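Engineer: Residue numbers (my numbering), protein chains in the order written: chain A, 1 to 385; chain B, 1 to 295; chain C, 1 to 82.
The hints are simulated quantities; they were obtained by calculation from the structure and are not laboratory data.
Some clues are possibly wrong.
Below are the BS3-like pairs computed for lysine-lysine, each with C-alpha atoms no more than 27 Å apart in a straight line [what the hints assert, rightly or not]:
# : chain 1 : residue 1 : chain 2 : residue 2
1 : C       : 49        : B       : 185
2 : B       : 234       : B       : 216
3 : B       : 51        : A       : 206
4 : C       : 3         : B       : 185
5 : B       : 50        : A       : 212
6 : B       : 234       : A       : 54
7 : B       : 51        : B       : 185
8 : B       : 50        : A       : 206
9 : B       : 51        : A       : 242
A short, non-exhaustive set of chain B residues, derived as facing chain C with CB atoms under 7 Å [as the list claims (entries may be wrong)]:
#  : residue
10 : 8
11 : 10
12 : 27
13 : 29
14 : 32
15 : 184
16 : 223
Predicted, not measured: the structure shown is a model, and the values here were computed from it.
Every residue gets a Cβ at the ideal spot worked out from N, C-alpha and C, and that includes glycine.
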Amino acid sequence: MHADPRCVLTGTHFINGDAACCEGALAAGARFAAGYPITPSTEIVERFAARAPKVGGLFIQMEDELASSIALQGMVWAGQKSFTVTSGPGYSLMMEHIGFAAITETPCVFVDVQRGGPSTGLPTLPAQGDMMQARFGSHGDYLTIALCPNSPQECFDLTIKAFNLAEKFRVPVMFMMDECVGHMTEKVVIPAADQIEVQPRRHASKPPSEFKLFEPGPDLVPEMAHAGEGYKVYVTGLTHDKRGYPLMNPQSQRELVTRLFDKIRRAADELTIIEAEGLDDADVVVVSYGITSRVAQRAIQMARDKGLKVGKLRLICVWPFPEKVIRDLAPKVKALVVPELNMGQVVLEVERCASGQCRVISVPHPGGTVHKPAEILAAIERGAR
Amino acid sequence: MSSVELHVHNPVEDLLRQDRIPTIWCPGCGIGTTVNSFAHALLGLGIDLKKTSIVSGIGCSGRVSGYMNLDSFHTTHGRAIPFATGLKLANPELNVIVYSGDGDLTSIGGNHLIHAARRNIDLMVVCVNNMIYAMTGGQAAATTPGTSMSTTTPYGAFEPELNMPQLVDAAGACFVARWTAFHVKQLERTMAKALNKKGFRFIEVLSPCPTYYQRKNNLGDALAAMVDYKKRSKIKNGCNTWETALLPGGDIIVGEFVDREREDYLTLMRRQLGSNYTEFPPQAEEEAERCCSEC
Amino acid sequence: MPKGSVAITAERCKGCGFCVEFCPTHVLELASAFNAKGYHPPHMINAEKCSGCNLCGMYCPDFAIFGYRFPDGKQSEKGGDA
Ligand code: SF4
Ligand code: SF4
Ligand code: SF4
Numbered sequence: 001m002h003a004d005p006r007c008v009l010t011g012t013h014f015i016n017g018d019a020a021c022c023e024g025a026l027a028a029g030a031r032f033a034a035g036y037p038i039t040p041s042t043e044i045v046e047r048f049a050a051r052a053p054k055v056g057g058l059f060i061q062m063e064d065e066l067a068s069s070i071a072l073q074g075m076v077w078a079g080q081k082s083f084t085v086t087s088g089p090g091y092s093l094m095m096e097h098i099g100f101a102a103i104t105e106t107p108c109v110f111v112d113v114q115r116g117g118p119s120t121g122l123p124t125l126p127a128q129g130d131m132m133q134a135r136f137g138s139h140g141d142y143l144t145i146a147l148c149p150n151s152p153q154e155c156f157d158l159t160i161k162a163f164n165l166a167e168k169f170r171v172p173v174m175f176m177m178d179e180c181v182g183h184m185t186e187k188v189v190i191p192a193a194d195q196i197e198v199q200p201r202r203h204a205s206k207p208p209s210e211f212k213l214f215e216p217g218p219d220l221v222p223e224m225a226h227a228g229e230g231y232k233v234y235v236t237g238l239t240h241d242k243r244g245y246p247l248m249n250p251q252s253q254r255e256l257v258t259r260l261f262d263k264i265r266r267a268a269d270e271l272t273i274i275e276a277e278g279l280d281d282a283d284v285v286v287v288s289y290g291i292t293s294r295v296a297q298r299a300i301q302m303a304r305d306k307g308l309k310v311g312k313l314r315l316i317c318v319w320p321f322p323e324k325v326i327r328d329l330a331p332k333v334k335a336l337v338v339p340e341l342n343m344g345q346v347v348l349e350v351e352r353c354a355s356g357q358c359r360v361i362s363v364p365h366p367g368g369t370v371h372k373p374a375e376i377l378a379a380i381e382r383g384a385r
Numbered sequence: 001m002s003s004v005e006l007h008v009h010n011p012v013e014d015l016l017r018q019d020r021i022p023t024i025w026c027p028g029c030g031i032g033t034t035v036n037s038f039a040h041a042l043l044g045l046g047i048d049l050k051k052t053s054i055v056s057g058i059g060c061s062g063r064v065s066g067y068m069n070l071d072s073f074h075t076t077h078g079r080a081i082p083f084a085t086g087l088k089l090a091n092p093e094l095n096v097i098v099y100s101g102d103g104d105l106t107s108i109g110g111n112h113l114i115h116a117a118r119r120n121i122d123l124m125v126v127c128v129n130n131m132i133y134a135m136t137g138g139q140a141a142a143t144t145p146g147t148s149m150s151t152t153t154p155y156g157a158f159e160p161e162l163n164m165p166q167l168v169d170a171a172g173a174c175f176v177a178r179w180t181a182f183h184v185k186q187l188e189r190t191m192a193k194a195l196n197k198k199g200f201r202f203i204e205v206l207s208p209c210p211t212y213y214q215r216k217n218n219l220g221d222a223l224a225a226m227v228d229y230k231k232r233s234k235i236k237n238g239c240n241t242w243e244t245a246l247l248p249g250g251d252i253i254v255g256e257f258v259d260r261e262r263e264d265y266l267t268l269m270r271r272q273l274g275s276n277y278t279e280f281p282p283q284a285e286e287e288a289e290r291c292c293s294e295c
Numbered sequence: 001m002p003k004g005s006v007a008i009t010a011e012r013c014k015g016c017g018f019c020v021e022f023c024p025t026h027v028l029e030l031a032s033a034f035n036a037k038g039y040h041p042p043h044m045i046n047a048e049k050c051s052g053c054n055l056c057g058m059y060c061p062d063f064a065i066f067g068y069r070f071p072d073g074k075q076s077e078k079g080g081d082a
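Generate coordinates for the entire structure from the input sequences, incorporating the hints supplied.
Structural biologist: Okay, here's the thing in structure tokens:
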């Protein structure tokens with residue numbers, strides 16, 4: 001299915017990442033959103049509040065993030081595509097409802113424009129300190145998908161991807177921007193609607209009498225029916241059976257949680273979304289994501305100018321973690337260098353997958369600004385020794 | 001069993017998910033009694049049940065959604081109202097009813113209650129007030145009256161209790177009422193009236209919790225509580241909501257307190273947006289093609 | 001002759017006594033017998049006084065009883081005390 005041309009602002013624009021994210025959501029078919037103002041994410045919903053009514057949608061500013069993160073799920077069960085937008089403290093407040101979306105398999109997108117933390121931290125300055133929160137933030141066991149854009153163009157393109165993956169796998173997708181990417185203004189090309197692929201809702205194909213709301217399809221993802229369609233849906237955050245009825249015992253817990261994991265794990269190849277360059281003969285590979293990848297790019301160039309063989313691996317989809325890529329890479333290189341705007345989060349996954357087959361060098365940074373290329377360069381040089 | 005009985009049928013059954021009965025509720029818990037009034041109100045009005053959704057939070061009363069044969073949403077603790085808000089705004093055709101408990105709606109979810117009333121979101125909210133956190137084992141709630149005992153107030157409560165009708169009235173609800181589980185017929189009529197009204201409607205229903213509230217306070221069993229409701233209730237329709245506080249042993253003021261006209265959220269939104277709002281009919285892909293072939 | 005009767009699903013009853021207490025014509029009483037869950041369900045002791053008003057049904061928190069009226073002029077031959 002293609003995007004609806006009425007929602008797509010086709011053309012070449014000079015806009016920031018926040019604006020591009022908003023346009024991506026509209027192009028993906030989201031006409032409804034709920035949110036609560038928080039820097040540096042607010043521009044996304046400010047723009048959405050202006051744009052949505054023109055296409056019959058709405059933005060509701062709720063009383064807090066607890067409310068917005070569940071109101072958006074009401075919108076989804078009413079048959080719409082919806083999302084919310086937040087940052088640091090607001091993202092923390094949303095955690096319970098990320099778990100609710102995971103267990104009720106509610107397709108939706110949570111945009112987190114990361115800023116420095118903990119707590120109120122650095123409201124107007126960048127960080128990437130929420131990466132583990134995006135993976136493990138809600139209590140209990142679940143898997144989500146997390147994408148990391150590194151440019152306004154990607155804020156547009158990957159927001160569409162985020163919605164498409166949410167619909168395909170029926171999971172909450174974390175769209176992990178950061179203050180730099182959100183506030184960076186660059187050229188953004190929005191293609192014609194018929195060039196934008198949009199994943200429609202995987203709607204019930206059976207009549208109500210034969211339909212079970214949580215019966216897994218061949219890819220373990222169930223089809224969805226909405227309120228008001230005669231399906232008498234039963235949606236609960238309790239562990240449930242295929243009808244959606246609460247069934248709280250070890251067996252049903254095993255079945256449900258295992259399926260929530262397996263529907264993502266099985267799709268590991270599809271969800272390996274990376275940008276790789278010069279890996280074949282590299283001695284050192286820089287593994288990065290989001291804004292840090294742009295600094296890393298500069299450091300890699302500097303290292304190459306010095307004659308070092310350096311490869312680049314950018315994680316566009318950070319969760320699920322591209323385990324196989326790192327496992328294959330580790331025995332072939334001397335070192336993996338992992339710069340992040342946090343004190344070392346995704347590097348833990350890199351270390352786990354490298355399992356001692358090469359050095360893993362963390363280049364931590366508490367946030368507030370980006371790395372200096374020289375810091376990453378120094379780590380590359382250490383790794384090449 | 002007489003032959004007649006084989007043909008008779010309790011209409012309430014049609015509104016229940018038969019495969020979920022019996023309920024988890026304790027003997028004499030009043031929540032089920034309120035469900036009868038609710039079911040009769042829905043049936044009496046002939047409301048399109050296909051377009052009716054019920055949303056609950058967490059707690060004993062939060063289980064109501066799961067027993068009703070409607071679109072049922074059992075959400076997170078305190079967040080039934082914001083979920084219902086999203087549901088209603090994204091599909092205004094739906095009748096959305098929130099059915100939950102006092103702790104859920106007024107304490108952890110208190111902020112949402114205030115703001116949904118202020119926005120006048122077109123929802124009917126039924127708050128079953130058992131005056132205690134029952135599902136978790138009888139802890140004091142914001143609604144625990146006076147010096148009542150609970151597991152977290154072993155020497156008696158001392159926080160002043162919340163007067164729900166006053167709160168939602170002040171916040172702007174367009175309909176506010178209170179009954180007890182004893183008032184089955186009045187409750188049915190009030191629910192029917194509220195179901196027919198547009199805007200934020202709030203109905204508090206006092207309900208016995210023999211397992212915790214009654215037992216902890218030596219108030220006898222559920223039946224004793226019902227008899228007590230009957231004795232202490234004073235019907236005062238139109239009563240000022242600052243006079244409706246519930247005190248132990250005091251009068252239970254019941255009735256329809258507020259019934260006012262106020263434009264709901266979507267009406268206000270459409271008016272304010274004016275020509276900035278564009279209807280969005282589904283894309284008609286075949287249109288152009290069919291036109292050509294016929295011309 | 002009674003104007004109505006009640007249907008009781010004894011297995012659902014939890015013996016709260018609401019139906020007995022609030023029947024306006026005192027038709028019901030809790031039986032001495034137990035149901036499978038160990039509760040005493042109601043039975044009719046004054047069947048001829050039942051109006052079929054269904055107040056018992058409105059009160060029953062467990063959907064275990066409801067009252068119904070006989071169609072006009074066609075009363076139950078077998079009575080309602082089953
Ligand atoms: S604990 Fe109280 S409120 Fe909960 S089901 Fe039992 S009687 Fe009802
Ligand atoms: S139907 Fe009315 S009269 Fe008959 S037993 Fe029930 S409450 Fe009593
Ligand atoms: S009201 Fe219902 S549960 Fe209670 S005693 Fe009567 S039949 Fe049993």
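Engineer: Indicate, hint by hint, whether the structure satisfies it.
Structural biologist: Each hint tested on the structure:
Taking the CA atoms of residue 49/C and residue 185/B, the gap is near 21 Å; set against the 27 Å cutoff, the hint holds. For the hint linking residue 234/B to residue 216/B, the alpha-carbon distance of about 25 Å falls within 27 Å, and the restraint holds. Using a Cα cut-off of 27 Å, the hinted pair residue 51/B and residue 206/A holds, with the two alpha carbons roughly 19 Å apart. Annotation: proposed proximity of residue 3/C to residue 185/B holds, straight-line Cα distance about 20 Å (limit 27 Å).
For the given pair, residue 50/B sits about 17 Å from residue 212/A by alpha-carbon distance, which is consistent with the 27 Å threshold. This hinted pair does not check out: residue 234/B and residue 54/A have alpha carbons roughly 51 Å apart, beyond 27 Å. Pair hint residue 51/B plus residue 185/B holds up; C-alpha atoms about 25 Å apart against a cutoff of 27 Å. The straight-line distance between the Cα atoms of residue 50/B and residue 206/A is roughly 17 Å, inside the 27 Å bound, and the hint therefore holds.
Distance hint between residue 51/B and residue 242/A is fulfilled; the C-alpha atoms sit about 23 Å from each other, no more than 27 Å. The restraint placing residue 8/B at the interface with chain C holds, with a minimum CB-CB distance near 5 Å, inside the 7 Å limit. A distance limit of 7 Å between C-beta atoms decides the matter here; for residue 10/B the minimum to chain C is near 4 Å, and the interface restraint holds. For the restraint placing residue 27/B at the interface with chain C, the shortest Cβ-Cβ distance is roughly 4 Å, inside the 7 Å limit, so the hint holds.
Against a cut-off of 7 Å between C-beta atoms, the interface hint on residue 29/B holds, since the closest Cβ of chain C lies about 6 Å away. Interface hint status for residue 32/B: upheld, as the beta-carbon distance to the closest one in chain C is roughly 3 Å, under 7 Å. Here the hint on residue 184/B is kept, as its CB sits about 4 Å from the closest CB of chain C, short of 7 Å. Given hint, residue 223/B at the interface with chain C, holds; its Cβ is 5 Å from that chain's nearest Cβ, closer than 7 Å.
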